[in-house]
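**Q** Here is how the chains run, residue by residue.
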Amino acid sequence: MTVLEVRDVSGGYGAVQILSDVSLSAAVGEVTCLFGPNGCGKSTLLKSIAGALPLWGGTVTLDGTDLTGQPSHKVLSQGIALMPQGGGVFPGLSVKENLRMGGYTIKVRRELDARIEEVLDEFPRLRERLSVAAGSLSGGEQMLVSIARALILQPRFLLFDEPSAGLSPKLTTDVLARTAALAERGIGVLMIEQNIKQALRVADKVYVLVGGRNRYEGRPGDINSDKELMHLYLGVHKDEGDPQ
Amino acid sequence: MELFASIVGGLLIGGLYVAISLGFSVAFGVLDVVDLAVGMWVVMGAYAAVVVQDWLDVDPLLLLPLYFLFFALVGAVLAPLIYRVRNNRYAMPALMGLALTFGFATIFRGSLLTGFGYTPRTVRTGLANTSWNIFGLVLPAERVAGFLTAAVLTLAFAWFLYFTRSGLAVRAVAQSKENAGLMGVDVKRTSTLIYALYTGLTAMCGAVMGAIYAMTPELGPRYTLFAFFVVVLAGLGSIWGVLVTGLLLGVLQSLVSTFWSADYTLLVVFLSLFVVLLLLPNGIGNRRSVA
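So the sequences go chain by chain: A and B. Per this note's numbering, residue 1 is the first one in the first sequence, and the count goes up by one each step. Per this note's numbering, residue 1 is the first one in the second sequence, and the count goes up by one each step.
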């Protein structure tokens, strides 16, 4: 089985170190959730894996292929796509152009168009909005564009940075159900989520980062049963976990 | 009739301002650096044409593509420097970027002064002293040729931006470097490409401009100010705004010199910039954007 292995990774922005010796492994066909308080380095970790930030140390491998320090386009070509927080759509480009950007590394126009068609069959709602500027779509629609865009390259792994950020409770449920469906299709999902309760329903594996270090690793069932762990490691109150 | 002729003459010049400002605007969006050397690229293009006519004894307008190639190459060499300065880890990279392009402008100006002195030079073309009668209007051939050149360049550049894979990448980078990078775009290479296109295009316009107005190495800042006027008034990143304000600038300049005096051009240009920005703080064409 294909596994994304992160070993002893450290990194950060500029001269500021954020990650210290973080390790995790995520498998295809599973949803791996990454929890932790704000500023603990979750997003930094995903960006470092995706090649958007330089790694200071450690290794990233996919199925034994070394991806450490590879630029984004190399990581993409190995089948790892990152969806940044908020979806990262280009607001001034049309939906169609956003999808094109998703397949930017496909140089043959006909091949790209065929992939876009496939994805549109899966997201028929986007078909009517193809020529609309992505920035004028609602938050939920933008998230759809972002997911559709990430699927154009038929990735083996999707790195989701808070897919539910800014979405209504209903849309959050939708998006999380979609991620679970992606995992069932055999895609590996590594996801940061703030809606811990909901995320635990779809998660197969859980990691907790605190202060840029591994704090916990386990199965979602263990966390649910251990309220204290949530209090201690996540700094949440008993009633938190529901959006807004 | 004099008014009408003045407006048409201004529109013809305005076409060149559109072409220059368009590249300037897109390069700014992609590199995040205001290129203070923009006016010097215009002047250098004109001097390249002067060199060609002096040394090769051919009509300098015939070699327009050559200026494009040469200055695109120069731009491609300088672009990685700008990128590096803009993306360094040290304090105030934005300011450093400005200082760098200001430095380029100073070096260009100094070199031209050393090589050619203060004497104004004009690009002499086979079209000089020729007029074409177009729909009953007698127009100087050089201005018409300049406008046509600018129109072709503007259309080609817009086609590149909106109908090619690289153009799409350019627009994506202008919106978010990080997200474009995540899509697999090589941001540094895209920056180099766009800067090279912009310098080539601007110098080419400069060669044509040199046939219409006499050039001295001191004129760089004037064209830099014009490009500023157009881009700021257009609303940053707006192609349609650039189209409108570029033509507007040409007309304004033409009217001022016809009915008042060319000496007051900059004064009027800046007064109108202030007034428009007071009334429309986002610029004229902020509805549709490149960036």
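One thing to keep in mind: the hints can contain errors.
What the hints assert, rightly or not - List of simulated lysine to aspartate or glutamate pairs, DMTMM-like, C-alpha gap at most 25 angstroms:
| hint | chain 1 | residue 1 | chain 2 | residue 2 |
| --- | --- | --- | --- | --- |
| 1 | A | K74 | B | D57 |
| 2 | A | K96 | A | D222 |
| 3 | A | K107 | A | E117 |
| 4 | A | K96 | B | D186 |
| 5 | B | K188 | A | E97 |
Simulated from the structure, these hints should not be mistaken for lab results.
**Q** Could you run down the list of hints and mark each one as holding or not?
**A** Results of checking the hints against the structure:
1. A:K74 x B:D57: 51 angstroms, violated
2. A:K96 x A:D222: Violated - the C-alpha atoms of D222 of chain A and K96 of chain A are around 43 angstroms apart, more than 25 angstroms.
3. A:K107 x A:E117: The given pair, whose Cα atoms are some 16 angstroms apart, holds under the 25 angstroms limit.
4. A:K96 x B:D186: Answer holds: K96 of chain A to D186 of chain B is near 21 angstroms, not above 25 angstroms.
5. B:K188 x A:E97: Within the cut-off at roughly 21 angstroms; holds.
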